[in-house]
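K.L.:
In case you want the letters, here they are:
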Amino acid sequence: MDTVFDAVVVGAGPAGSIAARVLAEKGVKTLVLDKRQEIGAPKRCAEGINVASLKRVGIEPDPAWALRDIRGAILYSPSGRPFKVDLGKTSGYVLERKIFEKHLARDAIRAGARYMVKTLAKGVVLEDGRVCGVSAEFMGEEFTVRSRLVIAADGVDSKIARSAGLDTSNSLSDYHSGFQYEMAGLKLDDPDNLHIFFGADVAPKGYAWIFPKARDVANVGIGILGQLSGPGHRAREYLDRFIANRPEIFSGASPIEINSGGIPVGSAAPCLVADGLMVVGDAAHQVNPIHGGGIALAMNAAKLAAHVGAAALSEGDVSKERLGEYERIWREGDGVKLEKLLKLRAFMEKLDDDDLEKLVDILDSDEVIKLTNGEYGFLVKKFFRKAPKILPLARKFLT
Amino acid sequence: MMENKVVVDRMRCCYCGGCVGVCPKDALLLEEIALSVDSAKCVKCGACVKFCPVEALSFQK
Chain A
1 MDTVFDAVVV GAGPAGSIAA RVLAEKGVKT LVLDKRQEIG APKRCAEGIN VASLKRVGIE
61 PDPAWALRDI RGAILYSPSG RPFKVDLGKT SGYVLERKIF EKHLARDAIR AGARYMVKTL
121 AKGVVLEDGR VCGVSAEFMG EEFTVRSRLV IAADGVDSKI ARSAGLDTSN SLSDYHSGFQ
181 YEMAGLKLDD PDNLHIFFGA DVAPKGYAWI FPKARDVANV GIGILGQLSG PGHRAREYLD
241 RFIANRPEIF SGASPIEINS GGIPVGSAAP CLVADGLMVV GDAAHQVNPI HGGGIALAMN
301 AAKLAAHVGA AALSEGDVSK ERLGEYERIW REGDGVKLEK LLKLRAFMEK LDDDDLEKLV
361 DILDSDEVIK LTNGEYGFLV KKFFRKAPKI LPLARKFLT
Chain B
400 MMENKVVVDR MRCCYCGGCV GVCPKDALLL EEIALSVDSA KCVKCGACVK FCPVEALSFQ
460 K
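Protein sequence lines, in the order shown, are assigned to chains A and B.
Counting from 1, one number per residue, gives the positions in the first sequence under our numbering.
Counting from 400, one number per residue, gives the positions in the second sequence under our numbering.
The shape of chain A in the complex, shown without the other chains (with noise of 0.2 Å):
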């Protein structure tokens, strides 16, 4: 069942589906592979995204994924203060992400694109150096789909990208451990806001989260810094540990889901495109550094991967170089803010419990939320005058 498309996209993720919407709308004879036999599940996330983000990539909102409204979110610093990022209306959403990938890729398949499930893409196609197509398997039967372009947006475990020759791999030093459990029967206080917790014994250079998805239900989880990952002191165990520390939360609670991954938190990827191939989403680490976030990134890097891969195969040019002005538009837009971010979480990672404890005192929320745009011009001067024990931190990595 060999087959022949114009662009072959790997993975039906946000990134994946997105990618061959648009392809499909400006007429490309698109296929999607995904390994998964079910679309979104399981799920390596913790559903948040804002509301500028699904704007951005021309998504409305639908209660049937957009499970709950979030204000905003409470910062609890090490010592359990907690420190409110109101937005002041509604800023985003806990999605339901196996509904939400579902409607993506009906919205892809609607416009024209083709879906396969359960189809292991296991490596791209080489002739002359370049990637003309990918291999794979479905139900015990190899097959081989013939595509002038490939677009690798096979999350943390790509393979595709890394058969063209192209580096996706992450080191531990730039990569989060990662581990979750979706439960119900919680006792929530304030289940209109993300809460977010601090500190080294809560989540070495990381943090945990409590993402609601109704009431009573909420992504539990946390990520810690990879390097800091070992025997006796993994993601899950600090997890547990967070769990029954808080019995007024959790006593009545069980978990519905257990969840994992590996989250990248570094620059992206060193190169997104050979000759016929492109890297979006968690593949290319295209992921803001500061709270782990990929769907809002992935997304848009699909769609503006997709817009050039488009207008490549029409000009009948799908050469590096042509479409390095994917990767060129995405380093000087998303990209720049990506590395600004990243500089802070260097910062971030060198503060301990008593610092985090001062920047309560000393930021107000306008100011948090500044900084999770990469604002952070204004920090050095209010160290100056308010916390000159950072300050010296602060010159060295925000500078």
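Source of the hints: derived by calculation from the structure; they are not laboratory data.
Watch out, some of these pointers could steer you wrong.
[Said to hold, decoys possible] When the alpha-carbon atoms are kept at most 25 Å apart in a straight line, the in silico SDA-like pairs for lysine to any residue are as follows: (1) A:Lys89 to A:Val51; (2) B:Lys404 to A:Lys370; (3) B:Lys424 to A:Ser135; (4) B:Lys449 to A:Gln227; (5) A:Lys350 to A:Glu237; (6) A:Lys122 to B:Asp408; (7) A:Lys118 to B:Ser435; (8) B:Lys443 to A:Gly165; (9) B:Lys404 to A:Pro231; (10) B:Lys449 to A:Val51; (11) B:Lys443 to B:Val453; (12) B:Lys440 to A:Glu142; (13) B:Lys449 to A:Gly199; (14) B:Lys449 to A:Glu237; (15) A:Lys55 to A:Asp361; (16) A:Lys102 to B:Tyr414; (17) A:Lys205 to A:Lys370; (18) A:Lys382 to A:Leu87; (19) B:Lys424 to A:Asp128; (20) A:Lys381 to A:Asp361; (21) B:Lys424 to A:Ala269; (22) B:Lys460 to A:Asp317; (23) B:Lys424 to A:Arg36; (24) A:Lys350 to A:Val360; (25) A:Lys320 to A:Glu332.
With chain A's structure known, arrange chain B on it following the hints.
P.N.:
Relative to the frame of chain A, chain B by itself:
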């Protein structure tokens, strides 16, 4: 280092594929609910063993 090969505990593995992303040699493969280690490619660096959130990977004793 005389570590033996990396093995997968199927009862612990949550099939998240996070380990695949830290393998410098592309020696791990996640299929839908099967994780395998290609011992010909594996250099026994231990990155995947250290990373695993649920201790599903270990060096075989």
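K.L.:
Could you work out which of the previously given hints the structure breaks and list their numbers from low to high?
P.N.:
Those not satisfied are hints 2, 10, 15 and 22.
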